[in-house]
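A.B. asks: Listed here are the chains, written in short residue letters.
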Amino acid sequence: MEEIINSNGKLCEFLKKMIIDTLRLEDITPGDIENEASLFKDGLGLDSIDALELVVAIEKIFNIIIEDEDVGKKAFASVNALAVFIQDGYQRALKN
Amino acid sequence: MEFKHQRVIVTGATKGLGKAIALSFAQKGAWVAANYASDDQSAATTESELSSLTQKYLLLKADVTSKNDVDKMIKSVVDQWEHVDILVNNAGIIRDKLLMFLDEDDWDRVIDVNLKGTYLCSRTILKTMIARKFGRIINIASPSAFTGRAGQTNYSASKGGIISFTKSLSKEISRLGITVNAVSPGFISTPMTESLNQDIKCDLLSRISMRRLGQPEDIAEAVLFLASAKAGYITGQVLGVDGGLI
Numbered sequence: 001m002e003e004i005i006n007s008n009g010k011l012c013e014f015l016k017k018m019i020i021d022t023l024r025l026e027d028i029t030p031g032d033i034e035n036e037a038s039l040f041k042d043g044l045g046l047d048s049i050d051a052l053e054l055v056v057a058i059e060k061i062f063n064i065i066i067e068d069e070d071v072g073k074k075a076f077a078s079v080n081a082l083a084v085f086i087q088d089g090y091q092r093a094l095k096n
Numbered sequence: 001m002e003f004k005h006q007r008v009i010v011t012g013a014t015k016g017l018g019k020a021i022a023l024s025f026a027q028k029g030a031w032v033a034a035n036y037a038s039d040d041q042s043a044a045t046t047e048s049e050l051s052s053l054t055q056k057y058l059l060l061k062a063d064v065t066s067k068n069d070v071d072k073m074i075k076s077v078v079d080q081w082e083h084v085d086i087l088v089n090n091a092g093i094i095r096d097k098l099l100m101f102l103d104e105d106d107w108d109r110v111i112d113v114n115l116k117g118t119y120l121c122s123r124t125i126l127k128t129m130i131a132r133k134f135g136r137i138i139n140i141a142s143p144s145a146f147t148g149r150a151g152q153t154n155y156s157a158s159k160g161g162i163i164s165f166t167k168s169l170s171k172e173i174s175r176l177g178i179t180v181n182a183v184s185p186g187f188i189s190t191p192m193t194e195s196l197n198q199d200i201k202c203d204l205l206s207r208i209s210m211r212r213l214g215q216p217e218d219i220a221e222a223v224l225f226l227a228s229a230k231a232g233y234i235t236g237q238v239l240g241v242d243g244g245l246i
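From first to last, the protein sequence lines stand for chains W and P. Heads up: the first sequence runs through residues 1 to 96, numbered per my numbering. Heads up: the second sequence runs through residues 1 to 246, numbered per my numbering.
It is worth saying that the hints were derived from the structure and are not from the lab. These numbers were taken from a predicted model, which means no experiment stands behind them. For glycine and all other residues, C-beta sits at the position ideal for the given N, C-alpha and C. Incorrect hints may have been included.
[As the list claims (entries may be wrong)] Which chain W residues face chain P? A few, computed with CB under 8 Å, are given here:
#1 I49
#2 E53
#3 V56
#4 K60
#5 D68
[To be verified] Per label pair, the in silico range of CB-to-CB distance:
#6 P:K230 <-> W:E26: 24 to 34 Å
#7 W:S7 <-> P:R175: 31 to 41 Å
#8 W:D21 <-> P:K230: 25 to 35 Å
#9 P:I234 <-> W:Q91: 26 to 36 Å
[As the list claims (entries may be wrong)] Far from chain P, by Cβ distances over 10 Å, these chain W residues were calculated:
#10 N6
#11 E13
#12 I20
#13 L52
#14 E59
#15 A81
#16 I86
#17 Q87
All chains should be modelled from the sequences, with the hints used to inform the complete structure.
C.D. replies: The following block contains the structure:
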């Protein structure tokens, strides 16, 4: 997992697969999701309840807790934003 | 054994309705985590009864109005049992007084135990249920929430809040495989109701279509039904178990 987290490219691919698996998105492949595209509304079209499932999945996989709705909104802005959020969280955990 | 290996938390589980619910789940094969606030004696009696029905039980002393206590309680269950399938928010108190004499502590305490306790336990349990895409949350309401009752502005407000909370939460999480419902128990035979004087008892009974008090097991059966696979398409509902009181 450390190798994946340390590579932005690998982490983004991992996150796309995680999103598809967690939300059971049929007919969507990782290649269909752009790194900078919005995950919500006009982008992938996820909603706030989908976000709940992703929050739980992120905590389970990365041990990073999202307790604040505003933090969640920024983290889930796009796959890239989520990758940066996870990398930051991972670095903070290492320092602690 | 309908609930074999299913993990259940019942709050306020060592007396009255909560105890009947906890024991009923144990009889049907569930792993039962029985929460209580402070009465160690009742807890010991309940533990003795639970242990005669199952080896898989936990006794959890925790104040449902305290986020810290609730976090620790649920973490303890998840650490030992991996997950929780069913949460019954039964913990509740009454402090009946006419509003003019109802002081802030009487108001706050009833709202905190009944409504905030339901919020804290439900919120904390969500992650384990969302992760497994399965859960049953059953809250205990009251006919007082619908009709009001003199002397119960605090209690009926808390139970009315529980009903709204039940419906709103069901709209949030039902599509994640978690149903959220409530049971509204009428007048139930308990040491307290049995000890009422004859005039009050007659008045109570005259308001009940079935002309008798309910039994704790009547409520337990309703809770178990809502927790069961048979109720898999029921969510956001309030099941009145009151002999036709309202």
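A.B. asks: Confirm or reject each hint.
C.D. replies: These are the hints, each one checked on the structure:
1. I49: Because about 6 Å separates I49 of chain W from the closest Cβ in chain P, which is inside the 8 Å limit, the hint holds.
2. E53: holds, 6 Å
3. V56: holds, 5 Å
4. K60: holds, 6 Å
5. D68: With a closest approach of 14 Å, the D68 of chain W hint is violated.
6. P:K230 <-> W:E26: 24 to 34 Å: The hint (24 to 34 Å, Cβ to Cβ) holds, given that K230 of chain P and E26 of chain W are roughly 29 Å apart.
7. W:S7 <-> P:R175: 31 to 41 Å: holds, 34 Å
8. W:D21 <-> P:K230: 25 to 35 Å: holds, 30 Å
9. P:I234 <-> W:Q91: 26 to 36 Å: violated, 46 Å
10. N6: For N6 of chain W, whose nearest Cβ neighbour in chain P is about 26 Å away, the distance exceeds 10 Å, so it holds.
11. E13: Given a closest Cβ separation of 23 Å, the condition holds.
12. I20: Given that every Cβ of chain P is farther than 10 Å from that of I20 of chain W, nearest at about 15 Å, it holds.
13. L52: violated, 6 Å
14. E59: Violated, because the least Cβ-Cβ distance between E59 of chain W and chain P comes to about 7 Å, which does not exceed 10 Å.
15. A81: Since the minimum Cβ distance to chain P is about 22 Å, A81 of chain W lies beyond 10 Å and the statement holds.
16. I86: Holds, because the least Cβ-Cβ distance between I86 of chain W and chain P comes to about 18 Å, which exceeds 10 Å.
17. Q87: holds, 23 Å
Of the numbered hints listed earlier, those contradicted by the structure are 5, 9, 13 and 14.
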